[in-house]
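There are 2 protein chains.
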Amino acid sequence: MDRRSLIKGAGIAGVLAAGVAPAVHAQPAIRWRMATSFPKSLPTLHGAAVKFSETVSALSGGKFEVSAHAAGELMPALGVVDAVEKGTLEVAYTAAYYFTGKNPAFALSCAIPWGLRTIAMAAWKRHGNGGKLLAELFNKYNFRAFTGGNTTMQMAGWYRKEINSPEDLKGLKMRMGGGVFGNAMAKLGVVPQNLPGGEIYQALEKGSLDAVEFVGPADDEILGFQKVAKYYYYPGWWEISADTDYFVNNAAYDKLSDENKAIIAAAADVAGRDMTAKYQALNPPALQRLVAGGTQLKAFPKSVMDAGFKASMESFEEEREKSEDFKKIYDDLREFQKGQMLMDRVTELPVMEYMRSVKF
Amino acid sequence: MDRRSLIKGAGIAGVLAAGVAPAVHAQPAIRWRMATSFPKSLPTLHGAAVKFSETVSALSGGKFEVSAHAAGELMPALGVVDAVEKGTLEVAYTAAYYFTGKNPAFALSCAIPWGLRTIAMAAWKRHGNGGKLLAELFNKYNFRAFTGGNTTMQMAGWYRKEINSPEDLKGLKMRMGGGVFGNAMAKLGVVPQNLPGGEIYQALEKGSLDAVEFVGPADDEILGFQKVAKYYYYPGWWEISADTDYFVNNAAYDKLSDENKAIIAAAADVAGRDMTAKYQALNPPALQRLVAGGTQLKAFPKSVMDAGFKASMESFEEEREKSEDFKKIYDDLREFQKGQMLMDRVTELPVMEYMRSVKF
Numbered sequence: 001m002d003r004r005s006l007i008k009g010a011g012i013a014g015v016l017a018a019g020v021a022p023a024v025h026a027q028p029a030i031r032w033r034m035a036t037s038f039p040k041s042l043p044t045l046h047g048a049a050v051k052f053s054e055t056v057s058a059l060s061g062g063k064f065e066v067s068a069h070a071a072g073e074l075m076p077a078l079g080v081v082d083a084v085e086k087g088t089l090e091v092a093y094t095a096a097y098y099f100t101g102k103n104p105a106f107a108l109s110c111a112i113p114w115g116l117r118t119i120a121m122a123a124w125k126r127h128g129n130g131g132k133l134l135a136e137l138f139n140k141y142n143f144r145a146f147t148g149g150n151t152t153m154q155m156a157g158w159y160r161k162e163i164n165s166p167e168d169l170k171g172l173k174m175r176m177g178g179g180v181f182g183n184a185m186a187k188l189g190v191v192p193q194n195l196p197g198g199e200i201y202q203a204l205e206k207g208s209l210d211a212v213e214f215v216g217p218a219d220d221e222i223l224g225f226q227k228v229a230k231y232y233y234y235p236g237w238w239e240i241s242a243d244t245d246y247f248v249n250n251a252a253y254d255k256l257s258d259e260n261k262a263i264i265a266a267a268a269d270v271a272g273r274d275m276t277a278k279y280q281a282l283n284p285p286a287l288q289r290l291v292a293g294g295t296q297l298k299a300f301p302k303s304v305m306d307a308g309f310k311a312s313m314e315s316f317e318e319e320r321e322k323s324e325d326f327k328k329i330y331d332d333l334r335e336f337q338k339g340q341m342l343m344d345r346v347t348e349l350p351v352m353e354y355m356r357s358v359k360f
Numbered sequence: 001m002d003r004r005s006l007i008k009g010a011g012i013a014g015v016l017a018a019g020v021a022p023a024v025h026a027q028p029a030i031r032w033r034m035a036t037s038f039p040k041s042l043p044t045l046h047g048a049a050v051k052f053s054e055t056v057s058a059l060s061g062g063k064f065e066v067s068a069h070a071a072g073e074l075m076p077a078l079g080v081v082d083a084v085e086k087g088t089l090e091v092a093y094t095a096a097y098y099f100t101g102k103n104p105a106f107a108l109s110c111a112i113p114w115g116l117r118t119i120a121m122a123a124w125k126r127h128g129n130g131g132k133l134l135a136e137l138f139n140k141y142n143f144r145a146f147t148g149g150n151t152t153m154q155m156a157g158w159y160r161k162e163i164n165s166p167e168d169l170k171g172l173k174m175r176m177g178g179g180v181f182g183n184a185m186a187k188l189g190v191v192p193q194n195l196p197g198g199e200i201y202q203a204l205e206k207g208s209l210d211a212v213e214f215v216g217p218a219d220d221e222i223l224g225f226q227k228v229a230k231y232y233y234y235p236g237w238w239e240i241s242a243d244t245d246y247f248v249n250n251a252a253y254d255k256l257s258d259e260n261k262a263i264i265a266a267a268a269d270v271a272g273r274d275m276t277a278k279y280q281a282l283n284p285p286a287l288q289r290l291v292a293g294g295t296q297l298k299a300f301p302k303s304v305m306d307a308g309f310k311a312s313m314e315s316f317e318e319e320r321e322k323s324e325d326f327k328k329i330y331d332d333l334r335e336f337q338k339g340q341m342l343m344d345r346v347t348e349l350p351v352m353e354y355m356r357s358v359k360f
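As you go down the protein sequences, you meet chains A and B in turn. All residue numbers for the first sequence refer to our numbering, where the first residue is 1 and numbers rise by one. All residue numbers for the second sequence refer to our numbering, where the first residue is 1 and numbers rise by one.
The hints are simulated quantities; they were obtained by calculation from the structure and are not laboratory data. Treat each hint with caution, since some may be false.
Which copy? The list can't say, so a pair holds if one copy fits it or any two copies do.
Only pairs whose alpha carbons sit at most 16 Å apart, straight line, appear in this in silico EDC-like list of lysine to aspartate or glutamate [to be verified]: (1) 327 - 314; (2) 359 - 82; (3) 302 - 353; (4) 173 - 210; (5) 359 - 335; (6) 328 - 318; (7) 63 - 259; (8) 187 - 306; (9) 338 - 353; (10) 63 - 258; (11) 230 - 162; (12) 359 - 306; (13) 40 - 221.
Sequences and hints are given; from them, build the entire structure.
Put into structure tokens, the structure is as follows:
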């Protein structure tokens, strides 16, 4: 495979030169490589890889180093999970739902339509059953997951024409993150394309895509989608939140000392917490700039929301039928979500509605 | 002061015996003590102190130890900030708004009425101006803050009688967390009492309190408020979210190596992220048990929300007039909040409303 020859060809020196060089306090005793699925231009997704790398160095006093490599530097954006599974790479930093071709249940570690909010996703993984169930899943592929940051709730993406009814979605060639919502959108007539972030703009520009959803204002503005599509829709019901994951090869992990194991887990928390906060802080001013620059911000009409909801629920039933892994983890997530929605309805939802009503 | 003699009298052995003993991998080169404002019975707030302690030990391979002491073990719950300011204690783990008597701007590190949501609070502190402004404030008191977990949005508390109008609040002796919302509630005729968590139940039981707000279902159930008050109100507009802080004495911190400085920051992230997730996971089943046990869950009527909103805004204006620190940080928070609410209204709010509408 191209990926392997690229790794071989580059050699250690080339690999280190291409990656982020963390501050070095001592000669590192352990050198790991991390490859991501994200372009270097994004301070959010790529920034979280750099932050992870810097944190491992800082916590180990420079004795443990994990170099961070953006998509394409060591291997293609969507090759990172295979590499961690095979042990040719120690860490993959990615969005699990890119890999539903491997197993549809991977989506449940990242995002599903009408899924858990950012804050609830962390709760399900850490203090519900989510973390344990996903660990069993990933163990089949020889790696373990450390939850990174969350993109916070996403937008419904960029369209060249208005979406006034479900009919308007039919035949749209649309980039989307992958996973179950690709299937749901396909039911609505969309032709989903799973392109990594760094390859979308060009496809949109040359007309091989009609629409694109990536993340939200902060990332989308940098990737330049506003230059080629005018209408920016919300809400992104297929990504109420989306977790990233640091996938660590089991054999490499098992060789670490207890201290270095704790460092890996802590680095994921440090980088993850920072990334979620960064999205939440960068999105509003980016949205304001986009709108000032001519982007038309639009809400999906109720007919589109209803059609999306129905198509999603049908897709979930199909996935449950097809995959035992999906069924087990999905059902647990939905059970957990019931309690979350109960609490939401006596906490954040009424206060958000009240504040809107008084035009705060 | 009692506190000091207690510390002196206990000696190192007594202090360590009383605190949490972290897993020891090596003879610790550095031993610090952390005192909290919270009772040991709470797996959330006290659990976050224990998690911090364990994380420092794990990340340092046992060479750095921070013992965790619940309220009253080393000093009274509300004595911890003075101790860190004076340098008789290295770390205080607390809720900053307990200390608005010292400076009203302390509330802005924790919670204010109609404030930022959990996810937005982290964004303001890390990628807005919040963290820098609060660091300047706390530096006047010889310490720095590392944000811990967030309680997530709180309930409006426990009442012995129904609250059907603002009139029903008049004269209520009510325990509340302190800070600006005490002043706002006082405008509505409430007599606010700032009691630490571990002392509330007894006061409520013996009738010296009519009502109490503490946090939310998970903590409140453990503290037993449902045994002495029947009505549980929402939404807790005075604590849309509430951050905890690890306050670290500057002189002690400055003596740390870069590695140990990174360990302190990482431990706050690890423990903080865990605590927020724990609240979010434990609250729903606790609420369900409370309601099954006879608790009456009630929404504040609009007249009470309106009166609370008006009283809050008046209180904020008064604080802005009185305190330059408060004005500077408060104004920045509100400016940041505008962007947050814009994003909320194209992301989580419409999708939460839609999901409620389809009875998901």
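Here is how each hint holds up against the structure:
In this homomeric assembly, residue 327 and residue 314 come within 16 Å of each other (Cα to Cα) only inside a single copy, at 13 Å, whereas the closest approach across copies is 53 Å. When the C-alpha separation of residue 359 and residue 82 is checked against a cutoff of 16 Å, the pair qualifies neither within a copy, at 50 Å, nor between copies, at 40 Å. In this assembly of identical chains, the alpha carbons of residue 302 and residue 353 lie at most 16 Å apart only when taken from different copies (12 Å versus 19 Å within one copy). When the C-alpha separation of residue 173 and residue 210 is checked against a cutoff of 16 Å, the pair qualifies only within one copy, where the shortest distance is 5 Å, while the shortest distance between copies is 62 Å.
In this homomeric assembly, residue 359 and residue 335 come within 16 Å of each other (Cα to Cα) only across copies, at 14 Å, whereas the closest approach inside a single copy is 35 Å. Proximity of residue 328 and residue 318 under a CA criterion of 16 Å is satisfied intra-copy only: 14 Å inside one chain copy versus 55 Å between copies. With identical chains, the CA atoms of residue 63 and residue 259 are at most 16 Å apart both within one copy (11 Å) and between copies (11 Å). Within a single copy, residue 187 and residue 306 get their C-alpha atoms as close as 13 Å, which meets the 16 Å cut-off; across copies the closest is 45 Å, which misses it.
When the C-alpha separation of residue 338 and residue 353 is checked against a cutoff of 16 Å, the pair qualifies only between copies, where the shortest distance is 15 Å, while the shortest distance within a copy is 20 Å. For the homomeric pair residue 63 and residue 258, the shortest alpha-carbon distances inside one copy (14 Å) and between copies (13 Å) are both at most 16 Å. Only within a single protomer do residue 230 and residue 162 lie at most 16 Å apart by alpha-carbon distance; the minimum there is 9 Å, versus 52 Å between protomers. For the identical chains of this complex, residue 359 and residue 306 are inter-copy neighbours only, at 13 Å across copies versus 28 Å inside a copy, given an alpha-carbon limit of 16 Å.
Proximity of residue 40 to residue 221 under the C-alpha cut-off of 16 Å is restricted to the intra-copy arrangement: shortest distance 14 Å within a copy versus 48 Å between copies.
In the structure shown, a violation is registered for the earlier hint numbered 2 alone.
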